[in-house]
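Novice: Sequence:
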Amino acid sequence: MDATPDIDLTPSAAARVALIASKTGKPAILRLAIDGGGCAGFQYKFELADAPAEDDTVATRDGVTLVVDPMSLDLVRGGAVDYVESLGGAAFRVTNPNAASGCGCGSSFSV
Numbered sequence: 001m002d003a004t005p006d007i008d009l010t011p012s013a014a015a016r017v018a019l020i021a022s023k024t025g026k027p028a029i030l031r032l033a034i035d036g037g038g039c040a041g042f043q044y045k046f047e048l049a050d051a052p053a054e055d056d057t058v059a060t061r062d063g064v065t066l067v068v069d070p071m072s073l074d075l076v077r078g079g080a081v082d083y084v085e086s087l088g089g090a091a092f093r094v095t096n097p098n099a100a101s102g103c104g105c106g107s108s109f110s111v
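Just so we're aligned, residue 1 is where the sequence shown starts under UniProt numbering, counting upward by one.
Bear in mind the hints are in silico, worked out from the structure with no lab data behind them.
Please note that the accuracy of each hint is not assured.
To be verified - Computed beta-carbon distance windows for the label pairs:
1) 24 <-> 97: 29 to 39 Å
2) 63 <-> 98: 22 to 32 Å
3) 53 <-> 87: 30 to 40 Å
4) 8 <-> 47: 14 to 24 Å
5) 26 <-> 100: 26 to 36 Å
6) 20 <-> 69: 18 to 28 Å
7) 84 <-> 47: 29 to 39 Å
8) 100 <-> 51: 14 to 24 Å
9) 62 <-> 37: 25 to 35 Å
The model shown is predicted, which means the values in this text are computed figures rather than measured ones.
Note that the Cβ used here is the ideal one computed from N, Cα and C, for glycine as well.
When you get a sec, could you build the whole thing from the sequences and use the hints?
Specialist: The structure is reproduced here in structure tokens:
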């Protein structure tokens with residue numbers, strides 16, 4: 001069995017999703033999708049979901065669920081979603097081992 005998960009959610013990201021979900025009254029389900037565009041070719045898109053789709057890959061941590069569709073998973077497999085606060089602001093970030101390059105803001109990448 002492969003010890004590396006398809007996708008992971010860090011404790012920091014799980015805590016932030018739980019907080020957002022509690023404030024909005026939505027389920028604690030974060031959807032990560034990849035769209036074409038951004039300054040490096042692909043961009044990460046995050047949104048709260050009502051439920052996982054049938055073909056989603058699901059990762060859970062601390063009662064929070066991360067869901068990724070099959071096409072997006074091909075581009076982020078082995079990665080992790082984190083929540084980072086810095087002087088530049090706070091945002092969800094993806095650690096993506098498949099990205100050949102990224103942009104300075106961390107919201108887009110190329111393969």
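Novice: Next step is simple, just say for each hint if it's right about the structure.
Specialist: Cross-check of the supplied hints:
A hinted range of 29 to 39 Å for the beta carbons of residue 24 and residue 97 is consistent with their spacing of about 31 Å. The beta-carbon spacing between residue 63 and residue 98, approximately 28 Å, falls within the hinted interval of 22 to 32 Å. The supplied range of 30 to 40 Å is met by residue 53 and residue 87, whose beta-carbon atoms lie about 37 Å from each other. For residue 8 and residue 47, the hinted distance range of 14 to 24 Å is satisfied, since their beta carbons lie about 19 Å from each other.
Between residue 26 and residue 100 the Cβ separation comes to about 34 Å, which falls inside the hinted range of 26 to 36 Å. Look at residue 20 against residue 69: about 20 Å separates their beta carbons, and that is inside 18 to 28 Å. Distance hint for residue 84 and residue 47: a CB-CB separation of about 18 Å, inconsistent with the stated range 29 to 39 Å. Remark: the range hint 14 to 24 Å for residue 100 to residue 51 is contradicted by a beta-carbon distance near 33 Å.
Taken as a hint, the range 25 to 35 Å holds for the pair residue 62 and residue 37, whose Cβ atoms sit roughly 32 Å apart.
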